[in-house]
Amino acid sequence: MDTSSSPKGGGKAALSEKTQLDWLQLSRTENVGPITFMQLKAHFGSVQAALEGLPEMAARGGKKTLRLYPRKIVERELAQLKKLRGRLLLIDDPHYPAHLASISDPPPVLRIIGNVEMLSKRCFAVVGGRNASLNGRKFAHKMAQDMGYLGWILVSGLARGIDTATHQGALASGTVAVLATGLDRYYPPENKHIQKEIEEKGVVISEVPIGTPPQAQQFPRRNRMISGLSHGVIVLEAAMRSGSLITARFALEQGRDVFAVPGSPSDGRCEGSNDLIRQGGNVLTSVEDIINMYPDEKESPTSIKEMQKPSYPPPPALSSRERSKAHQMLLGNMSSSPIGVDELTRACHLSASEVSASLLELELAGRVTRPSGSHVSRLN
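Residue 115 in my numbering is what sits at position 26 of the sequence shown, and the numbering runs on without skipping anything.
The reader is advised that the hints may include incorrect statements.
Just the calculated beta-carbon pair ranges, DEER-fashion [as the list claims (entries may be wrong)]:
id, residue 1, residue 2, range
1, G421, E164, 18 to 28 Å
2, T374, S442, 43 to 53 Å
3, P159, L341, 37 to 47 Å
4, D356, E141, 54 to 64 Å
The calculated EDC-like cross-link candidates involving lysine to aspartate or glutamate, where the alpha carbons are at most 20 Å apart (straight line), are [stated by the list, open to error]:
id, residue 1, residue 2
5, K414, E432
6, K231, E432
7, K171, E119
8, K210, E289
9, K172, E286
10, K161, D273
By construction, these hints were calculated from the structure, which means they are not laboratory data.
It should be emphasised that the depicted structure is a prediction, and the values quoted were computed from it without experimental measurement.
Ideal Cβ positions, reconstructed from N, Cα and C, are used throughout, including at glycine.
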């Protein structure tokens, strides 16, 4: 694949504007999540072919009309991204971070501003409470500085408190800010200057379109990207209902190391992080704990080249009778509560390929949703 220089650091694949628009359009079409996107691409052989075949496939799942996302809107978004000196990073791009590509539901399309090459370096996440104490913020700042000195790129979510302190501590060495909003939004507003600095010295990335405001459902999806980019996650001053614990859960599901900084038992801000330790999480009190876990500072804990992308084999073509029977069996065994795809396959006595093909059609028709990579649930 030919390459050319990117707007702000690093090389990029020289993709045509039409290709970029195709990927944006498919990713924003209704009922197309990250996994469905990759399955469609595998099934049809290309994103362009998927766009052409999508309405017919949705009809087989029971949806009379599926409208593709308006082309004019994605054209406008791509123009806005260029004005921000940003770019798209597609999962097929050689600069797409290998660690993120290895999770079960990697974003097919990233919007980024900054140095794309930073995403290929070894990353570690630090997350914690928004209402963090002064000591907690100082610890996060110092930890980020120390880890940056060792060559780590620090990843966080640009929220108030621990996230902000982490980014500030890592500005000189390198930091990745993962947003739950569009790249043109500054949330919280007081972090606008930090976000601008990271755009110049690090990299800011988002899965969601330009113009997307803060929305509650986007923050857990952002959190799975924070852990997905990273070799491990440090949790600091997290309450029991903290979003940081969601990040820790994603990290464990993704096979990442989880560290927790112990806090006072009487401080509610530390209940969640202390509970992680009780459940067997790694205790972290200084950068020495990271050095002891990863003694060879010159090599990544897991070689980036060893990270494997999940496979999306194209589903088989089913006859009309086979399809109808599979749809009935799957829907009959599903409810609004998520069920594992493997368990569903066994219960229906269908082959994995039959289940894959049928779920893809039902998901496009809006009859089934996929709350995680390995679970599905029925929509009423």
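Evaluation of the provided hints:
no. : hint                    : result
1   : G421 - E164: 18 to 28 Å : violated, 43 Å
2   : T374 - S442: 43 to 53 Å : holds, 50 Å
3   : P159 - L341: 37 to 47 Å : holds, 39 Å
4   : D356 - E141: 54 to 64 Å : holds, 57 Å
5   : K414 - E432             : holds, 18 Å
6   : K231 - E432             : violated, 46 Å
7   : K171 - E119             : violated, 25 Å
8   : K210 - E289             : holds, 17 Å
9   : K172 - E286             : holds, 17 Å
10  : K161 - D273             : holds, 19 Å
Going down the numbered hints, you'll see the structure goes against 1, 6, 7, while the others check out.
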